[in-house]
Every structure is written in C-alpha cells, then in structure tokens.
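Q: Starting from the given sequences, assemble the full structure and let the hints guide the process.
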Amino acid sequence: MHYPSREGFPSQGGKTLTRSEKSVILCRTLRRADCGLRIVDFQWDEGNVLHLELGHGITPEEAEEVFAHKPLFRKTKKKHYVAFGPTGAGRYLTVVFEWKARGIVRVITGWDMKRSEIQYDQRQRR
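Residue 50 in this note's numbering sits at position 50 of the sequence shown, with consecutive numbering throughout.
Derived by calculation from the structure, the hints in this document are not laboratory data.
No incorrect hints appear here.
Straight-line alpha carbon distances no greater than 25 Å define the calculated DSS-like cross-link-like pairs of lysine-lysine that follow:
1) K79 to K100
2) K100 to K77
3) K100 to K75
4) K77 to K114
5) K70 to K114
6) K79 to K114
7) K78 to K114
8) K70 to K100
9) K75 to K114
10) K100 to K78
A: Written out as structure tokens, the structure is:
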C-alpha cells in the first residue's frame, strides 16, 4: 500500500498487510444486522496520515495491524466504528474509522488505549 510521503514523517519499517489480513469480518460486538461487513482496503491521504502520526504517534501500518489481530468493534453515536486491539508489537490502540462503500475503511483518528479501555477489551474477550 502506498502512503503519502511528506518531509518530517517519522518512518517505521512496518509490514504491509495482505488482502486476506485486511478481510476481517466485523461480527464480534456489532448488532446482527451489521454482520458480514468485510474490510477490503484502507483509504489513506495526507490528512488522516498526518493526523495519526503527528497528532497521536500512530503509523498507518500500526492502525491497520489492529484490524488484523481480531479487534473488538463498537458502533458510535455518530455512525462511525471503533476498533480496540493490539498491534503486532503489542501496543494497544483505539482506532476510530468510517465505513465507506465496497469495504473501504477510512481511519479518522486513534490513540493508545486508556486503562479503562483495556479493561473493557479484556472483559469483552472472556
């Protein structure tokens, strides 16, 4: 996957996820009517990449890794979704995203999970 380049971007050698790793079924905590949604790809541009990296210290690769490690999903009041889960390195992140047409996910924001979010995640996985 190609990410917009920008001078001053922190660089990390994260691996690019395969299409099968991106194809995650969102059924864990979503209502039954929402089941069967599949993530086909991620939509990245300078706006969301800069916001994540410079504002929250999260690379696009880390955000995508959350989706590859059996995240917990919730729906927000604003019709967005939230994914809770670890990265490949074990960093626990909360990632807010928008569901676009044809399985495209646009990450809006993200942050390191707070203690209460980690506890919620652990309770839901039991």
